[in-house]
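J.: Just so you know, the protein sequences line up as chains U and R, in that order.
Reading the first sequence from the start, the letters are residues 1 to 438 in my numbering.
Reading the second sequence from the start, the letters are residues 439 to 864 in my numbering.
If you're looking for bench data, these hints aren't it; they were derived computationally from the structure.
Where a beta carbon is used, it is the ideal one built from N, C-alpha and C, also for glycine.
Hints should not be assumed to be uniformly reliable.
Subject to a maximum C-alpha distance of 20 angstroms in a straight line, what follows is the list of computed EDC-like cross-link-like pairs (lysine to aspartate or glutamate) [what the hints assert, rightly or not]:
| hint | chain 1 | residue 1 | chain 2 | residue 2 |
| --- | --- | --- | --- | --- |
| 1 | R | Lys646 | R | Glu450 |
| 2 | U | Lys70 | U | Glu109 |
| 3 | U | Lys70 | R | Glu728 |
| 4 | R | Lys729 | U | Glu135 |
| 5 | R | Lys765 | R | Glu675 |
| 6 | R | Lys729 | U | Glu109 |
| 7 | U | Lys70 | R | Glu783 |
| 8 | R | Lys665 | U | Glu126 |
| 9 | R | Lys729 | U | Glu124 |
| 10 | R | Lys587 | R | Glu525 |
| 11 | U | Lys119 | R | Glu783 |
With the C-beta cut set under 7 angstroms, the calculated list includes, among others, these residues of chain R facing chain U [stated by the list, open to error]:
| hint | residue |
| --- | --- |
| 12 | Ala509 |
| 13 | Ala512 |
| 14 | Ile666 |
| 15 | Val670 |
| 16 | Ser673 |
| 17 | Val676 |
| 18 | Gly683 |
| 19 | Gln686 |
| 20 | Glu777 |
| 21 | Pro780 |
| 22 | Ser782 |
| 23 | Gly793 |
| 24 | Glu800 |
| 25 | Thr848 |
| 26 | Arg849 |
Chain U residues, not near chain R, derived (Cβ > 12 angstroms throughout) [as the list claims (entries may be wrong)]:
| hint | residue |
| --- | --- |
| 27 | His59 |
| 28 | Lys70 |
| 29 | Asp222 |
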Amino acid sequence: MSSRIGPNGPVDRFVLANGLQVLLAPQPRAVTTSVWVWYRVGSKNEWPGVTGASHWVEHMMFNGSPKFPKGTMDRAIMETGGYLNAFTDVDFTAYLTTVPADHLMVPLEIEADRMTRAKMTAEEVERERAIVLSEREGNENWPEFRAEEELYALAFRHHPYRWDPLGYPEDIRSLQADALASYYRRFYGTRNATLVVSGRLDRSLLRRRVGELFSPLPEGGDDPTVHATEPRQTGERRTQLTGPGTTPFFYMGFRAPAVLEESVPAVLLLDILLGGESRVFSASVWGRSTDHPSARLYRRLVEPGLAVRATSEFRPRAYPGLFTISAQCARGVSLNRVERALLAELERIAARGPTESEMREIREKVRQAALLAYEGPTRTAFRLGYFALLGRPGFEEALLRRVLSTSAGEVREAAEALFPGDSRCVVRYEVTGGSRGE
Amino acid sequence: MESDPRSPLQLERGSLDDGTELVRQPTPAGSESFSLTYLAPAGWGYDGRKRGLALLASELVVTGGGKRDRAELARELDRHGATLTSEVHPESAEVTLWGPAEHFVPLLPLLADSVLRPRWDPGEVGRLRRRVAERQMRERSQPDQCAEKALYRRIFSEGHPYRETGLGTPRTVPSITRPDLERFHRRHYTCRGTMVATCREPLPRLEKLLSAAFRGHDSVPAPTSPKIPPPVRPSPEVTRLMVPGGSQVELRVGGASIPRADPGYPAAFLANELLGGRSILSRVFQSLREKRGLVYHASSELEAMLWGGYWVVEAGTRPSQVEEAQKLLLAEIGAVAEEAPPTSELDRIRESAIGSTWLELETTATAHEIAVDAAYHHLPEDFYRTWPTRLRAVTPRQVAEGARQAIDLTRSAVVVAGPLGANSVG
């Protein structure tokens, strides 16, 4: 089965003398241009006491730099009608701006100015502390956030995937401005950054301008490689949370391979077989999170009325992470019953694997999703940057080819390796109380 | 009206053989997908006593049609790399097919069968009822949803469609029967709705293709709009909802507003953008987050619809800061109406709003939203091309007038919901 993936047209890839990687993907007929800067720095590079620093730095990057005093950065983009944002992951942090194509130079100037010179004054760090805490507290209103955070804390005892990129509230309250600035100076530098520009652009003009803006930056950025390895799990781990909510639910995690490991294609297919969503090869950024009636979890848990929703998720990480499964009980159905049904299904897949017709369907789903994965400059810049950070050159195309040639037997073997009970982590959420008016 | 000659927005209008209205927007350059929406007068404003009926109908429509049950429909969509989704609003329902442009023709029967020949499979009805029951519980346990629901109840009287969220109640949803669904479908989906297409096919070919696919559409007269009771004047006290367990209190301030067809809409639109609709450029964001660090999110929206409208300003903060955040929100809302904004501020907001239209044209899905909006509100073909000119004609004084008319603090209600403690709003 053949497929293709990638932007329409060639991508210019080059590295400046200071180590900055640059990818330019012209789309001559686009009406916008998207500029992304990816840093190989995320919560994986933090340590206890400094958790949440990558995310906090992300906030500080909007609080001013030499040429763009506080408030002017956002304004410069927004006044063009453009959009800017950023997000922090466990493995990376990304800054994105999409503007009407005529205004391409504005985000480039901002990114060059703040890459190594973002302002981290004590006063601004202090002011941002309350906002970062507020963002975390907003998430805490969601039982699903609490459960997922608990799952990673349960699964990782040593590796920094243990904490959420938002960090522990205690660390956010205590981290000092000089420690945050030191974290920023240590990791944010040209060697750890990848600049991606996609959309309507003049290639030679842009190459020149990128050189003018970014070449003067000093070479910098400590190696963000994580050397900690999570010790092998030797028995099931399980915990229970209680709190307000709708119906009970659980999050289950299994040890998953890192992005460059051989078994990744089979595990990606296993995720689609179970949950139905093609996440890495998708026409949207991370899939649609909707119902997939032909998926196994839907057929075994939702269709018979045990659960109102059930899904799986495998996002390949730089280091071994988790393959997660979550299910929310239908009213009146116990967690035990849903969990038993799920485990029976996982045993069945590990024993018998998918059918050939299921394999045909999920491969076709991947092939079709890949065809539309690069629609628009923003999505194009996202994918180019994501794969540049996590993979090797040509990795995405190679991964797609391997996914499409993976056999049912390989998916079964992946399930057998993934789902043994002694590597399982389970967080169950039981509902208490409710709301009352005053 | 002067139009922007560079604008790639090229809405065209046509019709199907049976008279169904058609709005077409070409796919953005470089895009290889299409979107096609059937827009039906099938919102929850037509629920009557069976609250939740419109929601059930719209969600069931995409679970199979004609000879295809849910699994067969899902497999066929997957085979083409397509999706079929539905959304329901107070006034209308949208059923949208999205997929690769080259599969446009073979996918049309899937939309036609779903819209015209839904199956009302009892298994699907049961599953949907269970899911709706869970969503109803979420409206009672999640602070943001609790606050919104309570706000709508404060600003709209009994019987007003905007008072509801469409989910019905634990009593009404189980009482909805198959004959109820069939009756609703006949009245609200087989009448002449509107087709909206963002695709490569030129208008004449599109008209032929859709006429053929939707042949047999047994058109019934369009339903008459329900009687809309006038909005109420909310009492001044703050509604406080204790929702335990979370860390943050959600604040909502809002009131009834103008419909989209109101001539004052451009000024009201800019007033809302200034207040909280334009993210970091907006006043509530600057005041509550940037200056005082009280919140992570603070924004406003103006929902100007067919039968009326409403505005909502929202923010989330910790329990000990609710009072301060509430005072600041109310002050900013009042200030937009009291005083004309400085020209420089208005210009910034206005040019940002105009420029952002280009971002809507990045992908088929985003461009399609503009086309659906135009169809829904029966906007003229040149509406978006002339929109910049109309916005640029609005004066600062008109923005303040627009705010007084559309974001009226004297007819607003305040709701807070979350882990309220002793130090929270009195």
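J.: All the hints need checking, so say for each whether the structure fits it.
T.: The hints, checked one at a time:
| no. | hint | verdict |
| --- | --- | --- |
| 1 | R:Lys646 - R:Glu450 | 15 angstroms, holds |
| 2 | U:Lys70 - U:Glu109 | 15 angstroms, holds |
| 3 | U:Lys70 - R:Glu728 | 10 angstroms, holds |
| 4 | R:Lys729 - U:Glu135 | 16 angstroms, holds |
| 5 | R:Lys765 - R:Glu675 | 14 angstroms, holds |
| 6 | R:Lys729 - U:Glu109 | 25 angstroms, violated |
| 7 | U:Lys70 - R:Glu783 | 17 angstroms, holds |
| 8 | R:Lys665 - U:Glu126 | 54 angstroms, violated |
| 9 | R:Lys729 - U:Glu124 | 11 angstroms, holds |
| 10 | R:Lys587 - R:Glu525 | 18 angstroms, holds |
| 11 | U:Lys119 - R:Glu783 | 26 angstroms, violated |
| 12 | Ala509 | 5 angstroms, holds |
| 13 | Ala512 | 4 angstroms, holds |
| 14 | Ile666 | 27 angstroms, violated |
| 15 | Val670 | 18 angstroms, violated |
| 16 | Ser673 | 15 angstroms, violated |
| 17 | Val676 | 10 angstroms, violated |
| 18 | Gly683 | 4 angstroms, holds |
| 19 | Gln686 | 4 angstroms, holds |
| 20 | Glu777 | 21 angstroms, violated |
| 21 | Pro780 | 14 angstroms, violated |
| 22 | Ser782 | 11 angstroms, violated |
| 23 | Gly793 | 2 angstroms, holds |
| 24 | Glu800 | 4 angstroms, holds |
| 25 | Thr848 | 24 angstroms, violated |
| 26 | Arg849 | 22 angstroms, violated |
| 27 | His59 | 10 angstroms, violated |
| 28 | Lys70 | 8 angstroms, violated |
| 29 | Asp222 | 30 angstroms, holds |
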